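Novice: Our numbering puts the first residue of the sequence shown at 463, with every later residue one more than the last.
Derived from the structure by calculation, the hints contain no laboratory data.
Each hint should be verified, as a subset may be incorrect.
[Unchecked claim] Label pairs and their calculated CB-CB ranges:
#1 Asn-666 <-> Asp-542: 38 to 44 Å
#2 Gly-640 <-> Glu-586: 34 to 40 Å
#3 Gln-631 <-> Lys-491: 27 to 33 Å
#4 His-655 <-> Thr-616: 26 to 32 Å
#5 Pro-610 <-> His-546: 18 to 24 Å
#6 Gly-544 <-> Leu-649: 44 to 50 Å
#7 Lys-490 <-> Asp-679: 26 to 32 Å
#8 Lys-741 <-> Asp-584: 44 to 50 Å
Just so it is clear, the structure is predicted and the values come from calculations on it, not from any experiment.
Ideal Cβ placement from N, Cα and C applies to all residues, glycine included.
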Amino acid sequence: MYTILFPSDYFNRNKIDVELEQEYEAAKKAGFDVMLFDYSSWFESRKLVLNQDCNSDLILYRGWMMKPELYCEFEKQLLDLGYHLVVNSYAYKRLHEFVNVYPIIRNDTAPIMKFPIYTRIDVEFIKSTFGRFMVKDYVKSVKGSDFPVYFDSTITQSEFDGWMEKFYQYRGDLLTGGICIKKYLDLKKYNSHTNEYRVFYYFNEPMILMKNSNQSDTCCKPPVELINKYKILDSPFFTLDFAQLEDDSWIIIESGDGQVSGITDASQTDVFYKILKEKN
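Input sequences plus hints: build the corresponding full structure.
Specialist: Structure representation (structure tokens):
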């Protein structure tokens, strides 16, 4: 049996972060021991402070994303305190950064190219290869801003260079790994909603499937064969996000570490922790 470790409220190390309160209560309801670490001490000073001791020396983290190098330090400081993470730093990095699993899933995802950060990217070459494309770092794209969802053949080098400057500004301290240029594919829509699902995998078996784009419950689900095809990825707890294309085929659009991947359908929070407990 392991303990689930959550980040605390910013101002009170003994209180759960309000955005994770539903998960915290669901974990306790399912029968898990829970523990908090001081949010401000860790994310601002890199000093891990726990709010209590626990009987189990095995820890499953549920909380905010960390850069792989920060997660590695997180693992080290927990080890110094006598605790072991279910997901080690190698497995975290492998699934957190999409480019690491791309060689395995490339037949079922959009083509990508990767570049070191702050390298000038030849947009003419990209356009000749992909036509339309989107820009991400190794983990996330820029959302909720004026940054384009995708670029097409009309973009010039100088325009693209300007947008890349904005990309680095917008990602800021969250910038992870390098730059990922991804071919843009049209997703099928139902009443303006795309049809996306997230699957959590626990020790290489699909654990739970949940809606990922506020689509109707009547929308079709990704093929079981595709879900099972990649349960062999090298982590005890990870996620894959699946999306339906306009031609009704399905692709993988994201990978993630299961500890920092959100529960995308809040109505399934209790079920998520109940299943997790049953598999302990």
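Novice: Please go over all the hints and tell whether each is borne out by the structure.
Specialist: Verification of the supplied hints:
1. Distance hint check for Asn-666 and Asp-542: the Cβ-Cβ separation is about 29 Å, which falls outside the suggested range of 38 to 44 Å.
2. Between Gly-640 and Glu-586 the C-beta distance comes to about 20 Å, which lies outside the given range of 34 to 40 Å.
3. At roughly 42 Å, the beta-carbon separation of Gln-631 and Lys-491 lies outside the given 27 to 33 Å, and the hint is violated.
4. The supplied range of 26 to 32 Å is met by His-655 and Thr-616, whose beta-carbon atoms lie about 28 Å from each other.
5. Distance hint check: the CB atoms of Pro-610 and His-546 are about 43 Å apart, inconsistent with the given range 18 to 24 Å.
6. A hinted range of 44 to 50 Å holds for the C-beta pair Gly-544 and Leu-649, which are about 46 Å apart.
7. Evaluation of the 26 to 32 Å hint for Lys-490 and Asp-679 yields a pass: the beta carbon distance comes to about 28 Å.
8. For the hinted restraint 44 to 50 Å between Lys-741 and Asp-584, the CB-CB distance of approximately 47 Å keeps it satisfied.
In the structure shown, a violation is registered for the earlier hints numbered 1, 2, 3 and 5, in ascending order.
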